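So the chains spell out like this:
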Amino acid sequence: MGDVIDIADLAEQLRQVTVEVTDGGELLGSGLLWPQAFVVTNAHVVRRAEVNLRLVDGRLIRARVLARSVDADLALLGAAGTGLPSATPAEPDSVRVGSFVAAVGHPLGVRGALTTGIVCGVGPIDRSGRPWIQADLRLAPGNSGGPLADAAGRIVGLNSRAAGPLALAVPMGQVARFVQGSRV
Amino acid sequence: MNGLQSLSNDLAAAVERAGRAVFSVAGRPRLASTGVHWRPGLVVTADHTVHAEEEVTITGPDGRALTARVAGRDPTIDLAVLKVDAPGVPVADTADSEAVRVGHIVLALGAGPRASWGVVSSIGEGRRARGGATELLHLDLTLYPGFSGGPLVDVQGRVVGINTSGASRHWHLAIPASAVNRVVDELLRRGRIPRAYLGVSTQPVRLPEPLRQRLNLDQHTAVIVVEVQSGSPAAAAGMSIGDVIVALGASRITDPTDLKATLRPDRVGESITASVLRGGEPKELQVTVGERPRRG
Numbered sequence: 001m002g003d004v005i006d007i008a009d010l011a012e013q014l015r016q017v018t019v020e021v022t023d024g025g026e027l028l029g030s031g032l033l034w035p036q037a038f039v040v041t042n043a044h045v046v047r048r049a050e051v052n053l054r055l056v057d058g059r060l061i062r063a064r065v066l067a068r069s070v071d072a073d074l075a076l077l078g079a080a081g082t083g084l085p086s087a088t089p090a091e092p093d094s095v096r097v098g099s100f101v102a103a104v105g106h107p108l109g110v111r112g113a114l115t116t117g118i119v120c121g122v123g124p125i126d127r128s129g130r131p132w133i134q135a136d137l138r139l140a141p142g143n144s145g146g147p148l149a150d151a152a153g154r155i156v157g158l159n160s161r162a163a164g165p166l167a168l169a170v171p172m173g174q175v176a177r178f179v180q181g182s183r184v
Numbered sequence: 185m186n187g188l189q190s191l192s193n194d195l196a197a198a199v200e201r202a203g204r205a206v207f208s209v210a211g212r213p214r215l216a217s218t219g220v221h222w223r224p225g226l227v228v229t230a231d232h233t234v235h236a237e238e239e240v241t242i243t244g245p246d247g248r249a250l251t252a253r254v255a256g257r258d259p260t261i262d263l264a265v266l267k268v269d270a271p272g273v274p275v276a277d278t279a280d281s282e283a284v285r286v287g288h289i290v291l292a293l294g295a296g297p298r299a300s301w302g303v304v305s306s307i308g309e310g311r312r313a314r315g316g317a318t319e320l321l322h323l324d325l326t327l328y329p330g331f332s333g334g335p336l337v338d339v340q341g342r343v344v345g346i347n348t349s350g351a352s353r354h355w356h357l358a359i360p361a362s363a364v365n366r367v368v369d370e371l372l373r374r375g376r377i378p379r380a381y382l383g384v385s386t387q388p389v390r391l392p393e394p395l396r397q398r399l400n401l402d403q404h405t406a407v408i409v410v411e412v413q414s415g416s417p418a419a420a421a422g423m424s425i426g427d428v429i430v431a432l433g434a435s436r437i438t439d440p441t442d443l444k445a446t447l448r449p450d451r452v453g454e455s456i457t458a459s460v461l462r463g464g465e466p467k468e469l470q471v472t473v474g475e476r477p478r479r480g
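If you read the protein sequences in the order shown, they are chains A and B.
Numbering-wise (this note's numbering), the first sequence opens with residue 1 and increments by one.
Numbering-wise (this note's numbering), the second sequence opens with residue 185 and increments by one.
If you're looking for bench data, these hints aren't it; they were derived computationally from the structure.
Among the clues, some could well be false.
[Said to hold, decoys possible] Between beta-carbon pairs, the in silico distance windows are:
no.: 1; chain 1: A; residue 1: Ser94; chain 2: B; residue 2: Arg285; range: 31 to 39 Å
no.: 2; chain 1: B; residue 1: Thr241; chain 2: A; residue 2: Ile125; range: 50 to 58 Å
no.: 3; chain 1: B; residue 1: Ile289; chain 2: A; residue 2: Ala8; range: 16 to 24 Å
no.: 4; chain 1: A; residue 1: Arg47; chain 2: B; residue 2: Asp439; range: 50 to 58 Å
no.: 5; chain 1: A; residue 1: Gly164; chain 2: B; residue 2: Ser385; range: 36 to 44 Å
no.: 6; chain 1: A; residue 1: Gly164; chain 2: B; residue 2: Ile289; range: 21 to 29 Å
Note that the structure is a prediction, hence the values are computed from the model and not measured.
Glycine included, every Cβ here is placed at the ideal spot set by N, Cα and C.
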């Protein structure tokens, strides 16, 4: 038989790069530490100019919203000086239907909760034509803006919402493009 | 590569392998279901998703739309067989469904392909699976809209069953590959799938406690005959209105659904013992399962 399947390691790795987005004690959602001192999250998580980020080590930092796209449901925040590692994005379009995925976030206020599943499909779910990574994986309010990662811990998408039992994540290619476009 | 990555690759490879034989079936308004190329030119799907009586449009994994003909149905296990000329679309690799065990990781596929995963949670312990009825696979996974009729796949990408959300309100189920083979073989042998027929109308009935104890019956309910069609197999066997059917062959009958599930197509022509209660006394009737007269 093959090697031992270790999901605990993967969970710990993802917790390191996942932040809690709060404001005045209210949990707004999750966020992801992005290379070069940024945090990405969903636009619907940050509806104000500044928010608090709670890091994995418990530190609270104030972060400014640098860019926000309601259409893409993405937002970019400045988060300098955390000293923490940032997430490793997967190659865009590397996602295979059936492959294992894991989500980390703060669903219903449960800090750093892990849920696992597989990629159900990639593409639009309605006439809008907007592509999603659809995952057979449980999400709840508080997961928004958190990472969806492959079995190697590389980020394949940003969890955005649930459609019944189906998780919908913004594909990594869109996140990368949004960050690129926002930094000009 | 760690164990999790290799499991992940295996699952994705299983979806790819099984997905080559998967069709989208436009057999009902709005929501297409899924079908599997089971034998050359024969696609199986869930019967409840095929409203059309004769022709249905199906789309192959290559995106080609084809016209398929409804070749036979077995509503007792929710299976329909479509005949289609589909050169270039491979036939699914099936595995021995008897080897499936509770706890095995399985994938459910929809056309696309799309996939969900979970485990087999029990085998044949449902109410539809007693005695001679088909042993269904109960699944702990999500069948997303349109997944009915699609393949249940093992981690090697082999098809072990056909999924259906239509057979039970409470469970997601799969018809094991062995039962699908039985129906398809019957179709190839006879050129059609016969509908087994007794010629009775029944209603559920509760068995009085004293009667249960006196006759040592462990079931609480059975069915009572409220109509016997003249000239039917039931009439020929001497069944009368008011008879309470408690068993058919080895299968206990606790409600009309059990009766339907027991009357599989391959039992047409078989002589089975009906255990009935008449005037509170047990009686055995020998009945030869007939074929439902066809319409028109």
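Numbered hints the structure breaks, given as an ascending list: 2
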